[in-house]
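Guided by the hints, dock chain Y onto chain S, whose structure is given.
Protein chains in written order, with the numbering used here: chain S, 1 to 194; chain Y, 1001 to 1362.
Worth flagging that the hints you see were computed from the coordinates, not collected in a lab. Here a beta-carbon is modelled for each residue, glycine too, at the ideal position from N, C-alpha and C. Check before you lean on any hint, since a few could be wrong.
What the hints assert, rightly or not - FRET-style restraints, in silico, Cβ to Cβ: (1) Trp-35(S) <-> Glu-1148(Y): 47 to 57 Å; (2) Gly-1027(Y) <-> Asp-40(S): 40 to 50 Å; (3) Asn-1246(Y) <-> Asp-148(S): 34 to 44 Å; (4) Asn-1035(Y) <-> Asn-80(S): 34 to 44 Å; (5) Asn-80(S) <-> Asn-1302(Y): 30 to 40 Å; (6) Asp-1346(Y) <-> Tyr-65(S): 36 to 46 Å; (7) Asn-72(S) <-> Gln-1022(Y): 25 to 35 Å.
Unchecked claim - Just some of the chain S residues that point at chain Y, by a computed CB distance under 10 Å: (8) Lys-22; (9) Phe-46; (10) Leu-62; (11) Phe-130; (12) Gln-157; (13) Ile-160.
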Amino acid sequence: MDMEASNSDLQNIEKLFRENYKSLCNVVNRIVHDWDAAEDVVQEMFIKIWKKRNELKIETTLKGYLYKAASNAALNYLENNKRFKLHQEITEKNTANQIIDESVKLEQKEFEERIDRALDKLPPKCKAIFVLSRFEGMKYQEIANHLDVSLKTVENQMGIALQKLRDDLKPYISGEFMLWPLLLLALSYLLMNI
Amino acid sequence: MDAKYWELLAKYFSGEANSEEQKELLGWRSQHAENDKMFKQAEEVWISIKKKEDRNPDIELTWEALKNKMLADEGEAKIISIKSKKTKWYLAAASIIVVLGISLLITQGGYERIATTDNLEVFYLPDSSIIYLNKNSKLKYPKEFGTERIVYLEGEAYFKVKRDTLRPFIIETESTRTKVLGTSFDLKAYEGNEKMQLVVESGEVEFSSKEIESNKVVLHKDEMGVLKHKDNGVMKQKNDDPNFMNWKNDKEELKKTKQYKNEYSSPTTYLYTQYNWKENIIKQTIIEGRLHSAAIFTTYKNVKMRASYYSSHGKKLGEEEFTVNKTVYPGLFVYYKYKLNNWLEDTKEVRVEIVEAKVVEE
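Looking at chain S on its own, in the form it has when it is part of the complex:
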């Protein structure tokens, strides 16, 4: 890479990469729910941009394009890998400053896993739309632009997502369920102190 033009292209793409790689991976990961796949998808995207750099012009204005491309790449990935995935890994949470009983932590983890599974059961497009809204805080119109669907599609897919998630998670959200580990904890605390 001795050339001026290529050098500045390389510097630009490096900047673009450094500034966006982490959040792109996280966006894609929320949709595909597979961290390694997410990293692959995003890297693949950068390679494509590099190859097309003469048409694209690598600038920071590419940012919007990047997120759009990432959402679509994630969606494609989901559609090509439709098989149900088991979740071997649960994100480690920093619990150093929370003093919670093991059993509660376990419930919490279990519940999070149920949520992940419920999300993964959604049809790919439906999931992508929901994830972009709920996790990325995108407006419906932005989602529509990102995924090249109509606003109406976003609206009804959001409805479908919410309905399916609620149906799936119903056994765990009846209100009391969330409380009873705490009740047990309180009870055991009482018993121990008698």
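Then chain Y, alone, in the frame of chain S:
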């Protein structure tokens, strides 16, 4: 329950519902205890599905791997080539030049000469530029470059010029002068050839006739400079020959070059490392470094390194070997990191050397 209300609920929780929709939803909610229950459940689901903490990818390592991939895909990007045809008159003129060249070599002694017959040669110049010399060609260059990097070519060569804006790179042939500021290219200038051609694949190159000093063209990607006859000027046109550079990609020929054989047989000659080290809180030494490859053709992997550590008196306290399990592409580098198990020692100096490496077979 009607799908319409699910849509409304989703809109409501995501903040997309307008005031009319909000009113409609709240009206629906208060209509029936069942509706209220549904609303609460949906709300709980919405709230429970929280964004997890962002994960942190290894930006440094990923960028390095990505860059390697991007550059490896590049192939050779910048090319210039010059072609010519022989005439008798020119042959005579050329032989005079050759004689002059030799006498220069004798009097100054500061030149290297590389000549090929039916073989190719690939080698580095003193400034780390890389040259591919085609068959029946000669390249003469000073053992050390001064303020200008001037080389003399008869025949054809491909130049991958090290960027150095302060010292322009100049290739003289019998009838042309090519000036580059850092790029790679191929130049054909067979002695006595009448027609000279220069092809640029990318970059910016100034191509001029020696005969008519003021006559120069600036060439860019896919452009060709032509000198039909030394009395004519140089002209610019589109490169119409896609095979112009094919000779330098001839794998079989390249494998016969000294450079290729050396890279293949003694990987450690072409690998070098830069590193620094620090101690962590339990007095272990953490070494962080870059492993560079000066190879032109060969890709290496599984690079075995040896770290030795010394006391303040220079006494060797111990050594450890470790392997960098990364692919080291020709001319590129990788990062590595290693932790020594030397917490019982008072380490004052660390040296890292390369022990061996495997060649990635094509």
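Query raised in the report: Any CB of chain Y closer than 10 Å to the CB of Leu-62(S)?
Result: Hint violated; Leu-62(S) Cβ to chain Y Cβ min 15 Å, cut 10 Å.
Restraint check, 10 Å cut-off on beta carbons, for Phe-130(S) near chain Y: OK, holds: Phe-130(S) within 10 Å of chain Y, min 8 Å.
Against chain Y, with CB atoms and a cut of 10 Å, does the hint on Ile-160(S) hold up?
With a minimum Cβ separation of about 7 Å from chain Y (threshold 10 Å), the hint on Ile-160(S) holds.
**Asked** Taking the least C-beta to C-beta distance, is Phe-46(S) closer than 10 Å to chain Y?
**Response** 6 Å, holds
Inset, instruction - Identify whether the interface hint at Gln-157(S) stands, where standing means a beta carbon of chain Y within less than 10 Å of its own. - result: 9 Å, holds
TODO: Could you check the hint for me, namely that Trp-35(S) and Glu-1148(Y) are 47 to 57 Å apart, CB to CB?
DONE: 53 Å, holds
**Asked** Is it true that the C-beta distance of Asn-1035(Y) to Asn-80(S) lies inside 34 to 44 Å, as the hint says?
**Response** Check passed, 40 Å falls within 34 to 44 Å.
Hint check for Asp-40(S) and Gly-1027(Y) - Cβ pair distance inside 40 to 50 Å: Holds, at about 48 Å.
Honestly, do Asp-1346(Y) and Tyr-65(S) meet the 36 to 46 Å range at C-beta? Distance hint for Asp-1346(Y), Tyr-65(S) is violated at roughly 55 Å.
| CB of Asn-80(S) to CB of Asn-1302(Y), is that within 30 to 40 Å? | With a Cβ separation near 33 Å, Asn-80(S) and Asn-1302(Y) satisfy 30 to 40 Å, so the hint holds.
Check your understanding: Going by Cβ atoms only, is Lys-22(S) closer than 10 Å to chain Y?
Key -> 6 Å, holds
Using the beta carbons of Asn-72(S) and Gln-1022(Y), state whether their distance is inside 25 to 35 Å or not.
32 Å, holds
Checked against the numbered hints above, the structure breaks hints 6 and 10 and satisfies the rest.
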